[in-house]
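Heads up: the protein sequence lines correspond to chains A and B, in order. Positions in the first sequence are counted from 1; adding 1489 to them yields this note's numbering. Positions in the second sequence are counted from 1; adding 1489 to them yields this note's numbering.
It cannot be assumed that every hint is accurate.
[What the hints assert, rightly or not] Covered, in the sense of this in silico footprint (three residues per stretch, anywhere, with C-beta under 8 Å from a C-beta of chain A), are these stretches of chain B:
#1 1568-1579
#2 1600-1614
#3 1725-1739
Please keep in mind that the hints were generated in silico from the structure rather than gathered at the bench. Model, not experiment: these values are computed from the prediction. Glycine residues also receive a C-beta, built at the ideal position from the N, C-alpha and C atoms.
Protein chains: 2
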Amino acid sequence: METLTIDLGPRSYPILIGPGLLGESGLLGARIRARDVMLVSNVTVAPLWSPRLTGALAGFRVAQCILPDGEAHKTLATVSQVLDAMVASGLNRDCAVLALGGGVVGDIAGFAAACYQRGVDFVQLPTTLLAQVDSSVGGKTGVDHPRGKNLIGAFHQPVAVLADTDTLRTLPDRELRAGLAEVIKYGLIRDEKFLAWIEANLERLLGRDPAALAHAISVSCQCKAGIVACDEREQGERALLNLGHTFGHAIETGAGYGAWLHGEAVAAGMAMASEFSRRLGWLERADLERVRAVLTRAGLPVDPPRLGRSRALELMRMDKKVRAGRIRLVLLERIGSAVCTGDYPDDALEALLDDQFGSAVS
Amino acid sequence: METLTIDLGPRSYPILIGPGLLGESGLLGARIRARDVMLVSNVTVAPLWSPRLTGALAGFRVAQCILPDGEAHKTLATVSQVLDAMVASGLNRDCAVLALGGGVVGDIAGFAAACYQRGVDFVQLPTTLLAQVDSSVGGKTGVDHPRGKNLIGAFHQPVAVLADTDTLRTLPDRELRAGLAEVIKYGLIRDEKFLAWIEANLERLLGRDPAALAHAISVSCQCKAGIVACDEREQGERALLNLGHTFGHAIETGAGYGAWLHGEAVAAGMAMASEFSRRLGWLERADLERVRAVLTRAGLPVDPPRLGRSRALELMRMDKKVRAGRIRLVLLERIGSAVCTGDYPDDALEALLDDQFGSAVS
């Protein structure tokens, strides 16, 4: 088991990474004060992994709330359902919420924990690669609005993250690849050497070699931990973790939540951000080809759906990084170094969107 | 105009108190960075006071969301309605929410501001005495659940509170009296001399003497500011502001939201807490009579409805101060000094609830 720490003063917490963690009975008890817990999971993950977890929860009073699976259910209505279950179980402010599942479950359960009695403890138990390397760490919680991704939510840090790497064994291939998009992201924004390692070890990662996956999770979480510790509420550097996300969120919302997995949309978005960086003269063509090649080898899409420029722009204008009406984008000044900027020619962005999303009025 | 400050480091903000503030065009511009604002009010207050406010908002792009009036609408569904209006107006993270109304409007609008894009600025523009002396200050936001008051919410501090005392001119008598309950509360928990001042000036307060009201608001806000600055998230002393609220919330929920005004329920709850304090040997009978007398003179109820003990207990068990299953109560060790404690005999509480709520099974 490897232990990392997210250093946020009184809100610091550990990330534990390793096999078998869900079944280790002492781990949770050492990290939460609660005796009442609400286990939030979904219909896909719960049958696979909640028996291991509940076996380790002797001594707790456990209530469960099992949600439908998929991004289409990441709504305020589903949060309301979790809150209703918490009230029905008579939970008080000293309870804890356990989020067992992927990014959707973690985002919903974390937001419910943020809102219940103005905030209760919660623990992230991520069961997808994407959640283990990204969404379970850093305290972003929330839900989608029909007109924009993650528009409703809260910053609410977990008290611990337990990434049981055994859970990756039951992960569908498509979900594994979607998780690799966020792993590749860390290489692109901060760490060219890590990108080279990913390129050299991609077959092992796709083949679910436990050592390779554990290394990828560890490096990814270290990168995220460093950024979040410096900028918890995304006043600055944390925005770099959004490489590919402004385009990606437009893809997810425009295509209909759940049609594209988040990681797939981020992959296409990173390819678009790289293309735009090349057009601005920051990346060489070879760099762009390198980005597209690693994503393609990982089985990820590098081209967006044909939403049309105007629809894409409309969706991008709801991005949380917009300031004073200006869309700010995370771009690459080189492989391994990202910047967040609104300083680009409007016509260059419009041309990019025309080329990539299509110019037809949607 | 009087200016107080809530001292919370980077989240510090001013409380401005005085006549005519809603119409002073420079006040808001100096305190928010936004150019887009969402004005949230209700059908009762908006016709009376939004013209004065919007006249002072030249230079801002103003969207409005006008809610139905009353505690029965303080729900997650109404928050969702505000969030929908914000998305429909294309507001970005650099917008601001303005809450024009009483405690219900402030609680809903503040919670929407807390959740929109994980938190945007908001300004409290309280138009009731209760909101001016209590609910607009301190960052508690949220909504009711059918089974408990204020169970869903967030701590989210406003960037400013502008209490325009002119608005008290249009306040119904019943609302004025409800606000006085919270004013009296500050005397009971912290400041016996202020209670004596209230007793001596109650006719002026009920007669809406502007100087008397301004003094009551100022002293109340100073008291709250001091407590909130020491304990923003209610880890300790802030709970004392909940005198009468555990009983009061049970009354509000049990009677049906809106049947009792919050201040009325708090008044009856403070009388109950005083009675319990007397039974525990802390207050003299003369002290208890003093509490009941000032509440009665203010036109406030001092006896709860006959909900029945078991129903009352069930509701009290959802109180946010419950820890390890124990109901903690704010009680008076003397007039001017409150404590929060779970250290009382169970049978004494049961006898109190029998006597006050009735012993019948509800």
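Checked hints:
| no. | hint | verdict |
| --- | --- | --- |
| 1 | 1568-1579 | holds (count 6) |
| 2 | 1600-1614 | holds (count 6) |
| 3 | 1725-1739 | violated (count 0) |
Hint compliance for this structure: hint 3 is the single one not met.
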